[in-house]
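There are 2 protein chains.
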Amino acid sequence: MKEVFDVQLFRENSETAVGILEKHLSDQSVRGLELVDPAVLSRAARALMTTEHERVADFDGAKLAGILDLYVRTGIAVHSPGSMGRQFSGVVPLAGVVEFVSSVVNQPSSFYEAAQLPNVAEQIMAEELNRFIGWPAGRFEMLTTSGGSLANLTALLAARNKAFPDFWAEGGPGAAGDGRPAIAVGEDVHYSVSRAAGVLGIGEAQIVRLPLNEERQICPVRAETALAAAERRGLRVFCVVASAGSTSVGAFDPLDELADLAHRRGAWLHVDGAHGASLLVSDRLRAKLRGIAKADSLTWDAHKMMFVPAPCTLLFYREREHSLGAFRQQASYVFDEEPDPYTALDSGDRTFECTKRPMIMALWTLWSVYGRALFADKIEQLCRATALAYEVLLEQPDFEVLHRPEANILCFRHRPAGLSDPGPADERELHRLQVAIRNRVKQNGTFFISKVDIDGTAALRVVLMNHETTTEHFRMLLHEIRHAAQDIRTTARGNR
Amino acid sequence: MKEVFDVQLFRENSETAVGILEKHLSDQSVRGLELVDPAVLSRAARALMTTEHERVADFDGAKLAGILDLYVRTGIAVHSPGSMGRQFSGVVPLAGVVEFVSSVVNQPSSFYEAAQLPNVAEQIMAEELNRFIGWPAGRFEMLTTSGGSLANLTALLAARNKAFPDFWAEGGPGAAGDGRPAIAVGEDVHYSVSRAAGVLGIGEAQIVRLPLNEERQICPVRAETALAAAERRGLRVFCVVASAGSTSVGAFDPLDELADLAHRRGAWLHVDGAHGASLLVSDRLRAKLRGIAKADSLTWDAHKMMFVPAPCTLLFYREREHSLGAFRQQASYVFDEEPDPYTALDSGDRTFECTKRPMIMALWTLWSVYGRALFADKIEQLCRATALAYEVLLEQPDFEVLHRPEANILCFRHRPAGLSDPGPADERELHRLQVAIRNRVKQNGTFFISKVDIDGTAALRVVLMNHETTTEHFRMLLHEIRHAAQDIRTTARGNR
Numbered sequence: 103m104k105e106v107f108d109v110q111l112f113r114e115n116s117e118t119a120v121g122i123l124e125k126h127l128s129d130q131s132v133r134g135l136e137l138v139d140p141a142v143l144s145r146a147a148r149a150l151m152t153t154e155h156e157r158v159a160d161f162d163g164a165k166l167a168g169i170l171d172l173y174v175r176t177g178i179a180v181h182s183p184g185s186m187g188r189q190f191s192g193v194v195p196l197a198g199v200v201e202f203v204s205s206v207v208n209q210p211s212s213f214y215e216a217a218q219l220p221n222v223a224e225q226i227m228a229e230e231l232n233r234f235i236g237w238p239a240g241r242f243e244m245l246t247t248s249g250g251s252l253a254n255l256t257a258l259l260a261a262r263n264k265a266f267p268d269f270w271a272e273g274g275p276g277a278a279g280d281g282r283p284a285i286a287v288g289e290d291v292h293y294s295v296s297r298a299a300g301v302l303g304i305g306e307a308q309i310v311r312l313p314l315n316e317e318r319q320i321c322p323v324r325a326e327t328a329l330a331a332a333e334r335r336g337l338r339v340f341c342v343v344a345s346a347g348s349t350s351v352g353a354f355d356p357l358d359e360l361a362d363l364a365h366r367r368g369a370w371l372h373v374d375g376a377h378g379a380s381l382l383v384s385d386r387l388r389a390k391l392r393g394i395a396k397a398d399s400l401t402w403d404a405h406k407m408m409f410v411p412a413p414c415t416l417l418f419y420r421e422r423e424h425s426l427g428a429f430r431q432q433a434s435y436v437f438d439e440e441p442d443p444y445t446a447l448d449s450g451d452r453t454f455e456c457t458k459r460p461m462i463m464a465l466w467t468l469w470s471v472y473g474r475a476l477f478a479d480k481i482e483q484l485c486r487a488t489a490l491a492y493e494v495l496l497e498q499p500d501f502e503v504l505h506r507p508e509a510n511i512l513c514f515r516h517r518p519a520g521l522s523d524p525g526p527a528d529e530r531e532l533h534r535l536q537v538a539i540r541n542r543v544k545q546n547g548t549f550f551i552s553k554v555d556i557d558g559t560a561a562l563r564v565v566l567m568n569h570e571t572t573t574e575h576f577r578m579l580l581h582e583i584r585h586a587a588q589d590i591r592t593t594a595r596g597n598r
Numbered sequence: 103m104k105e106v107f108d109v110q111l112f113r114e115n116s117e118t119a120v121g122i123l124e125k126h127l128s129d130q131s132v133r134g135l136e137l138v139d140p141a142v143l144s145r146a147a148r149a150l151m152t153t154e155h156e157r158v159a160d161f162d163g164a165k166l167a168g169i170l171d172l173y174v175r176t177g178i179a180v181h182s183p184g185s186m187g188r189q190f191s192g193v194v195p196l197a198g199v200v201e202f203v204s205s206v207v208n209q210p211s212s213f214y215e216a217a218q219l220p221n222v223a224e225q226i227m228a229e230e231l232n233r234f235i236g237w238p239a240g241r242f243e244m245l246t247t248s249g250g251s252l253a254n255l256t257a258l259l260a261a262r263n264k265a266f267p268d269f270w271a272e273g274g275p276g277a278a279g280d281g282r283p284a285i286a287v288g289e290d291v292h293y294s295v296s297r298a299a300g301v302l303g304i305g306e307a308q309i310v311r312l313p314l315n316e317e318r319q320i321c322p323v324r325a326e327t328a329l330a331a332a333e334r335r336g337l338r339v340f341c342v343v344a345s346a347g348s349t350s351v352g353a354f355d356p357l358d359e360l361a362d363l364a365h366r367r368g369a370w371l372h373v374d375g376a377h378g379a380s381l382l383v384s385d386r387l388r389a390k391l392r393g394i395a396k397a398d399s400l401t402w403d404a405h406k407m408m409f410v411p412a413p414c415t416l417l418f419y420r421e422r423e424h425s426l427g428a429f430r431q432q433a434s435y436v437f438d439e440e441p442d443p444y445t446a447l448d449s450g451d452r453t454f455e456c457t458k459r460p461m462i463m464a465l466w467t468l469w470s471v472y473g474r475a476l477f478a479d480k481i482e483q484l485c486r487a488t489a490l491a492y493e494v495l496l497e498q499p500d501f502e503v504l505h506r507p508e509a510n511i512l513c514f515r516h517r518p519a520g521l522s523d524p525g526p527a528d529e530r531e532l533h534r535l536q537v538a539i540r541n542r543v544k545q546n547g548t549f550f551i552s553k554v555d556i557d558g559t560a561a562l563r564v565v566l567m568n569h570e571t572t573t574e575h576f577r578m579l580l581h582e583i584r585h586a587a588q589d590i591r592t593t594a595r596g597n598r
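Taken in sequence, the protein lines are chains C and B. Quick note, the numbering used here runs 102 ahead of the 1-based positions in the first sequence. Quick note, the numbering used here runs 102 ahead of the 1-based positions in the second sequence.
Simulated from the structure, these hints should not be mistaken for lab results. What you are looking at is a predicted structure, and each value in this text was computed from that prediction instead of being measured. Heads up, some of the hints might be wrong.
Identical copies look the same in the list; a pair holds intra-copy or inter-copy alike.
Under the rule of at most 25 Å between Cα atoms (straight-line distance), these lysine to aspartate or glutamate pairs were calculated in the DMTMM-like manner [unchecked claim]:
1) K396 - D555
2) K104 - D385
3) K104 - D479
4) K553 - E529
5) K125 - D358
6) K396 - E230
7) K104 - D589
8) K104 - D280
9) K165 - D108
10) K104 - D129
11) K553 - D448
Only chain C is shown next, with the shape it has when bound in the complex:
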């Protein structure tokens, strides 16, 4: 036991890790992912495990180095310009260093006494970020929680309990009678929101889908009609959920109009800004979230566009008192019980977690050391690179681009000459081709991209998260896609 907790060994192991990470971060090659058969990887992993001992095994540095090396090698190369597939990315390296400290000092942050600096840092970051939202100081609330899905659920729970004060103690009212609880979401809403309806006892069948316009944003006029129709069906829509940066194409719903629409009907407006809320810190891009100050709650993933390790999700409420309603219907007595300056910072009564990682520390440290400009500059660069990629695509006769990008997500299809004109049969072929291209590109290992179904047909999707990814890389990707499509179609013809 003494050796296990030995401080000198800790230093040596830390140096092993730093060495491996340094090499990893220094690799500037263009690459994606090397996909390994799970059975093969499992054998490699098992070979690195100590066999059953009666006593604690002696430390073996070679084994540790083998484990860490295997770990680093088998991930997506998030630091490479070839990584364009997902909304996570190479973190700012300093954020990783702070997380290292967090992992060792072990300060669960739901209660002030257990994590003093993280709780203070949460308050500071709340104030810093609210400058770009614009709520009156002292009224709003910000909490950290373990991921955007949990933040969305928590906000919906607060909204549910406010609209239906008996729901917490009694459960839902059931199908009988009028005013059945319901939520309204855009067609492209993240799956965590529709799931939340199933989890919270609203029922997935009580989700009202709001139609989108051509930019895949919720259309307020048609939304109004849909809400009126839902009311006639006996539904009481207590919450409208807007996306600020949809997962599929990065579309920003019109928050200003949707807030008015929701509030006219006595509903709560929740904004899922998991991806796009970070645009608020940029003076150039903030307007994408025009109307955000009217929202009732906002989900903001700092582990997406603020480049810190996952999870680091911020959940904002316009009214602090509403945050107290999520986990008990009458929570105001929490305030009165202990009017002491320490417990006033406790958040355990407002977050799902009892034991919570001090996730704010990486974000606050980056903000403190580098300032807001780090985030604003990088986000602007990513959005600019995406706009340029869009321009490149417009010039290509064998690609169709599905939307003008609002942020750093871009969806398109490769339609090589020789595919027939649009039509049902062609759509199926087009769909299959995009899926096959995505998989082929992934297997080739130079680029990592994703796919998404848009109006029922697959599309290729890039998310530019790495500021090292240039238009030149994007052109290389298109080249690779064309080659992949040729191979796929040649093979298919050969197999006939």
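Mind docking chain B on chain C? Use the hints.
For chain B alone, coordinates are given in the frame of chain C:
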């Protein structure tokens, strides 16, 4: 931007962190927590922040060192023998190193392609740990999730959806009719379980409280009566929740009997083993969880008694198919859709999170490098130390001990000579004295302990998580408690 991502700077910052952590871990003094006024700490934190810049601020090493130093200094001294207050502790240092790597490589682990080794490591750890549960290979399932509260919710959700297949789409049945959904829990159940009833649309009012015996374990005979009474009231109890290591006193409910009881009534048995499931890895202590193989699901926090950074929660299901029911009522088509060896390891359809930390990596690495004995030895040592502390308390006429410890949690009260004989007035004085002692001891800064209300009266609570804490330290704590009580009572008399 170049400097921010510079690899040499990453190395230097890592070395700064290692230096600060090394000093922190080397401090062997007996101490608890230095509680700082949040306003004072906030000023100190703000002073370390860069002021608003148009451009990314130049890196300032002194600022970073100041932040990390403040962070380390203001936490509970979890590595000190004086830290006895909570179920978190000083982690195995190597676990912190692995989390460092996780933070930099950023592999969200809900999908195999994004985190290949973590997904394989989850499978391996599932098999390793199931050796001590004893379910047939290939049938059971293990998932990682962000904390015990989320694991408890997820298991209850799976149980709810199995018993009430329409709940997911339609919401709860409401108060009308018979067979209203309900859950049954022990009186000492963790608050996350009763909260889950409110969250999931069951309703807190539909929680059936099962009476405890003198050891604060659920009494199966009286539980049977309570369940029968609930049924007569029109409730359909679809899940019984047992604790394997209750939060308050570390009591282990009789799983074998409760499983039979639940299954006779067609209910699911969920075991909240957040604290105590780790005892399974010890040959000496495993019997505390006799009957675990009959449970339907089990929550197991590795960030408690397996000494890795939080969160690292394991959620086990006896039947894999039930795990698929948590987030959609008919999920079996997930199997059929893509019968490919890579996506077979994806867990995103069974866990709450979409983006999830690769939390298994620290646990698997410790298990691989040191073997099971590391955990078994340390847990046995902690339970032995707690049994010795109990023996010490029995000898003290001015202390009353509230239970024989089953694990490493021990609750007791200080009842100095001069407090009158037990009675209602005395109970209030006794209560106030324990609360005052706990706060005084915390302020003194040598020890960190907690308090818990037992049968309505506060008690002092120690959780021995540090293998360096000896009987001698416990005697020092009792000495400190006596002094604190004297001071409190002298001050109180002086104020009269």
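Now the hints, each set against the structure:
1. Proximity of K396 to D555 under the C-alpha cut-off of 25 Å is found in neither arrangement, the shortest distances being 32 Å within a copy and 43 Å between copies.
2. In the homo-oligomer, the alpha carbons of K104 and D385 lie at most 25 Å apart only across protomers (22 Å), although the nearest pairing inside one protomer, at 54 Å, exceeds that limit.
3. In this assembly of identical chains, K104 and D479 lie within 25 Å of each other by CA distance solely across copies; the values are 12 Å between and 48 Å within a copy.
4. In this assembly of identical chains, the alpha carbons of K553 and E529 lie at most 25 Å apart only when taken from the same copy (15 Å versus 65 Å across copies).
5. In this assembly of identical chains, K125 and D358 lie within 25 Å of each other by CA distance neither inside one copy nor across copies; the values are 47 Å within and 52 Å between.
6. With identical chains, the CA atoms of K396 and E230 are at most 25 Å apart within one copy only, with a shortest distance of 18 Å there and 51 Å across copies.
7. For a Cα distance limit of 25 Å, the shortest separation of K104 from D589 qualifies neither inside one copy, at 59 Å, nor across copies, at 38 Å.
8. For the homomeric pair K104 and D280, neither the shortest alpha-carbon distance inside one copy (66 Å) nor that between copies (60 Å) is at most 25 Å.
9. In this homomeric assembly, K165 and D108 come within 25 Å of each other (Cα to Cα) only inside a single copy, at 18 Å, whereas the closest approach across copies is 29 Å.
10. Taking identical chains as interchangeable, the C-alpha atoms of K104 and D129 lie at most 25 Å apart only when they sit on different chains, with a minimum of 15 Å there against 37 Å within one chain.
11. In this assembly of identical chains, the alpha carbons of K553 and D448 lie at most 25 Å apart only when taken from different copies (17 Å versus 42 Å within one copy).
In summary, the numbered hints that this structure violates are 1, 5, 7 and 8.
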